[in-house]
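Residue numbers (the numbering used here), protein chains in the order written: chain A, 1 to 150; chain B, 1 to 574.
Rather than coming from a laboratory, the hints here were simulated on the basis of the structure. For clarity, every value in this text was computed on a predicted model and none was experimentally measured. Incorrect hints may appear among the rest.
Listed next, with one range per pair, are the computed distances between beta-carbon atoms [stated by the list, open to error]: (1) Phe427/B / Asp53/A: 50 to 60 angstroms; (2) Gly121/A / Met48/B: 24 to 34 angstroms; (3) Gln58/A / Met48/B: 39 to 49 angstroms; (4) Trp155/B / Lys112/A: 45 to 55 angstroms; (5) Arg286/B / Asn145/A: 27 to 37 angstroms; (6) Asp2/A / Gly330/B: 23 to 33 angstroms; (7) Gln51/A / Leu566/B: 35 to 45 angstroms; (8) Leu6/A / Leu529/B: 27 to 37 angstroms; (9) Val489/B / Asn145/A: 51 to 61 angstroms; (10) Asp548/B / Glu69/A: 22 to 32 angstroms; (11) Gln58/A / Arg286/B: 19 to 29 angstroms.
Not everything, but these chain A residues come out facing chain B in the computed CB check (under 8 angstroms) [stated by the list, open to error]: (12) Met65; (13) Met103; (14) Asn111.
Glycine included, every Cβ here is placed at the ideal spot set by N, Cα and C.
As a plain string of letters, each chain reads:
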Amino acid sequence: MDKYELKILTWTGIALVIFMVAVLHAVGKYATDLPECIPYDAAFQEPKISQLDDSTYQVFMLAQMWSFEPDEIYLPVGAEVDLYLTTKDVVHGLHIADKGINMMAVPGGVNKTTMKFRKPGVYEIVCHEYCGSGHQHMRGEIIVNYPKKN
Amino acid sequence: MYAKEITMKFNIDKSFKRLLITLLAVPLTLLTLGIYHGLMQTLYRSGMISQRTFAALDYYQGLTLHGVINAIVLTSFFAVAFGHACMVYYLKMKVRNNVAWLSAGLMIVGTLLASWAMLSGNASVLYTFYPPLKAHPAFYIGTALLVVGTWVAYWDWVSMYIRWKRNNKTTKTPLPVLGTLVNFTIWMVCTLPAAYELLVMLLPWSMGITESVNVPLARTLFWFFGHALVYFWLLPVYVIYYSMLPSLAGGKLYSDNAGRLVFFLFLIFSIPVGVHHQFGEPSITRGMKLVQSILTFGVAIPSFITAFTIAASLEYASWRRGFRGGNYFGWMLRLPYFDKERYLFAYLITGLILFIFGGLTGLVNASYSLNSMVHNTAWLPGHFHMTVAGPVFLGIIGMSLYMLERVTGRPIRLKRIAVVIPHLWMFGVLIFSLGLMAGGLRGEPRRTNMGLSYLNPESPLFRPDWVLTTGMAVMGGLIMFAAAGLFFVVLIDILTAKKTEEEHLEFPPYEVLHDEPRVGILDSFRPWLVVMLFVIAMAYIPVFRDIDNLTGPGAKPYDPENPNPLELFEQRDE
Chain A
1 MDKYELKILT
11 WTGIALVIFM
21 VAVLHAVGKY
31 ATDLPECIPY
41 DAAFQEPKIS
51 QLDDSTYQVF
61 MLAQMWSFEP
71 DEIYLPVGAE
81 VDLYLTTKDV
91 VHGLHIADKG
101 INMMAVPGGV
111 NKTTMKFRKP
121 GVYEIVCHEY
131 CGSGHQHMRG
141 EIIVNYPKKN
Chain B
1 MYAKEITMKF
11 NIDKSFKRLL
21 ITLLAVPLTL
31 LTLGIYHGLM
41 QTLYRSGMIS
51 QRTFAALDYY
61 QGLTLHGVIN
71 AIVLTSFFAV
81 AFGHACMVYY
91 LKMKVRNNVA
101 WLSAGLMIVG
111 TLLASWAMLS
121 GNASVLYTFY
131 PPLKAHPAFY
141 IGTALLVVGT
151 WVAYWDWVSM
161 YIRWKRNNKT
171 TKTPLPVLGT
181 LVNFTIWMVC
191 TLPAAYELLV
201 MLLPWSMGIT
211 ESVNVPLART
221 LFWFFGHALV
231 YFWLLPVYVI
241 YYSMLPSLAG
251 GKLYSDNAGR
261 LVFFLFLIFS
271 IPVGVHHQFG
281 EPSITRGMKL
291 VQSILTFGVA
301 IPSFITAFTI
311 AASLEYASWR
321 RGFRGGNYFG
331 WMLRLPYFDK
341 ERYLFAYLIT
351 GLILFIFGGL
361 TGLVNASYSL
371 NSMVHNTAWL
381 PGHFHMTVAG
391 PVFLGIIGMS
401 LYMLERVTGR
411 PIRLKRIAVV
421 IPHLWMFGVL
431 IFSLGLMAGG
441 LRGEPRRTNM
451 GLSYLNPESP
461 LFRPDWVLTT
471 GMAVMGGLIM
481 FAAAGLFFVV
491 LIDILTAKKT
501 EEEHLEFPPY
511 EVLHDEPRVG
521 ILDSFRPWLV
531 VMLFVIAMAY
541 IPVFRDIDNL
551 TGPGAKPYDP
561 ENPNPLELFE
571 QRDE
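In isolation and in its complexed conformation, chain A is listed as follows (with noise of 0.2 angstroms):
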């Protein structure tokens, strides 16, 4: 094989092995946000906020043709929410941009991620996959630390 050939292969090996440790390494140490997949269970498809303890939040929600149910939340500064998310009909998404929250509600499955909110703020929800001729109305926003409405 020729001497060129040999060293640029042996180096483009080395470079690939760095960037894949690299990949691993990141996964591992920085916990990787994809949402977790949960078995089906019908119990999903009742929206609802429970309260766990102080600082705690559990959000069942439930996208629909074309709104998010509940699709106003009220937390306080520091709230940590497990947010469960699936669908009474068709395919939607839920993207909160300015947290990196970035879901799909598929028929038949229910997906979950974990937040924690710490500033302030309206947090904007908008379903980012087509859902029919109402989709661009389909939104919701999380409220933190603004006095409750009731």
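Starting from the known structure of chain A, fit chain B onto it as the hints suggest.
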């Protein structure tokens, strides 16, 4: 060596000529609709149109047309037309005309059925099908026929190749033939699950014969096909890059074996990566998502090899054109970017420039957790307009002009315009994609008629931070639209000109700088096919098991206009 003799003109019979013209002209005619609605989408999204429907075409109906025509119809018709031409030209054999016409007939009937369903407003479900949104059965049947038509062409080529191989045991398979066969082998394998989804799951369900459909399974079958589809678009253009671009630039291909390796790597890696489109979905566990994320990096390897091989070939061309060294990048200035006598070069090089950015943003999408930042945002169309509307589209329209000139015997007259089109298009795509990607990073959703809500100043949902980015997409869209308009001017001019030459087939000569001896493993499909099937099984069997374990009841059909399920299924008494 075949390298010298293949540069000559190849005479074709009337039936084959008509076949090629039909396969090139049908999708280009429909493309007018696809391009029109491309521009319209940027206007809807920016709020310049705040309506559901404009000129009798609903936003989501037009989005479906844009996706199906541009991404499936145009690309598969071109792949078949160019595949026929490569097989005939490089093997110096004939395709069976009746089989080729059967294939073309199926594709055309399928396309007409699906087009009717979309244009009549009965299939506004986007090109990804999106069950449980339901389309008219004609949409599913039409798409399936289009796919079956491509299979017919493929099996004829396989039999041609076997006959050729019998007489040429020790000759290297011509690279364009190898590339074409690899591409259609990927296509054959990946369309089987898609055909299953269409014909076994969706069709009876849309006709009311079955009650419900397993949506996670349908989506997974779709993406098994859906990502291989993007390589099916791309590989014909890779064939052009390897076998024609070097000599168009005035040089030779740096290494022919590199090209063979690249095509076989695509055979292995194109399919077992589909789950990276489903990172945000339930029913598939994280472990398999990570495995397929890593495999997706694997499919970047052949593209990196291509980048270096083609760059080396172009640098060699530059030296031959009088480049005398000096600095590392000076050779880039010596290429015939605006040479109207070889306008095809301009289409290919602008596509490659776009593909640099298209490929790099693709790596972001592949990355396990970075994907969460961009999935389903406007970033994604920003990325794939630099791939499918970059090298793929530019290669297709450039090569269509090049082939039509020769097949009709009517040399192009508007060369100066023809050479400007790709540069204008590239400029438009860069602005358009930058706008979309910047918007995507600020949360702008894709596939959304935002003019009705987020970009409508009168709506309570108005998002002023998306005004600038959607405006950029309009600017880029207008430039792309102008370039496409010029393309149709050149195309019509060719088709209406006087015939001045014999009808023939001819491609730029294929020459190799380092003409290496034949390496058995790089000239045999069998070992690579075995590895391909093994990797697919490894990557997908656990995924289907996950879906089986984690998924709940199936879904009833829905009309995109109506939040209540359609009652198609009649329960029969025992």
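Tested hints:
no.: 1; hint: Phe427/B / Asp53/A: 50 to 60 angstroms; in the structure: 57 angstroms, holds
no.: 2; hint: Gly121/A / Met48/B: 24 to 34 angstroms; in the structure: 30 angstroms, holds
no.: 3; hint: Gln58/A / Met48/B: 39 to 49 angstroms; in the structure: 43 angstroms, holds
no.: 4; hint: Trp155/B / Lys112/A: 45 to 55 angstroms; in the structure: 46 angstroms, holds
no.: 5; hint: Arg286/B / Asn145/A: 27 to 37 angstroms; in the structure: 32 angstroms, holds
no.: 6; hint: Asp2/A / Gly330/B: 23 to 33 angstroms; in the structure: 26 angstroms, holds
no.: 7; hint: Gln51/A / Leu566/B: 35 to 45 angstroms; in the structure: 39 angstroms, holds
no.: 8; hint: Leu6/A / Leu529/B: 27 to 37 angstroms; in the structure: 29 angstroms, holds
no.: 9; hint: Val489/B / Asn145/A: 51 to 61 angstroms; in the structure: 60 angstroms, holds
no.: 10; hint: Asp548/B / Glu69/A: 22 to 32 angstroms; in the structure: 29 angstroms, holds
no.: 11; hint: Gln58/A / Arg286/B: 19 to 29 angstroms; in the structure: 21 angstroms, holds
no.: 12; hint: Met65; in the structure: 4 angstroms, holds
no.: 13; hint: Met103; in the structure: 5 angstroms, holds
no.: 14; hint: Asn111; in the structure: 4 angstroms, holds
Hint violations for this structure: none, all hints satisfied.
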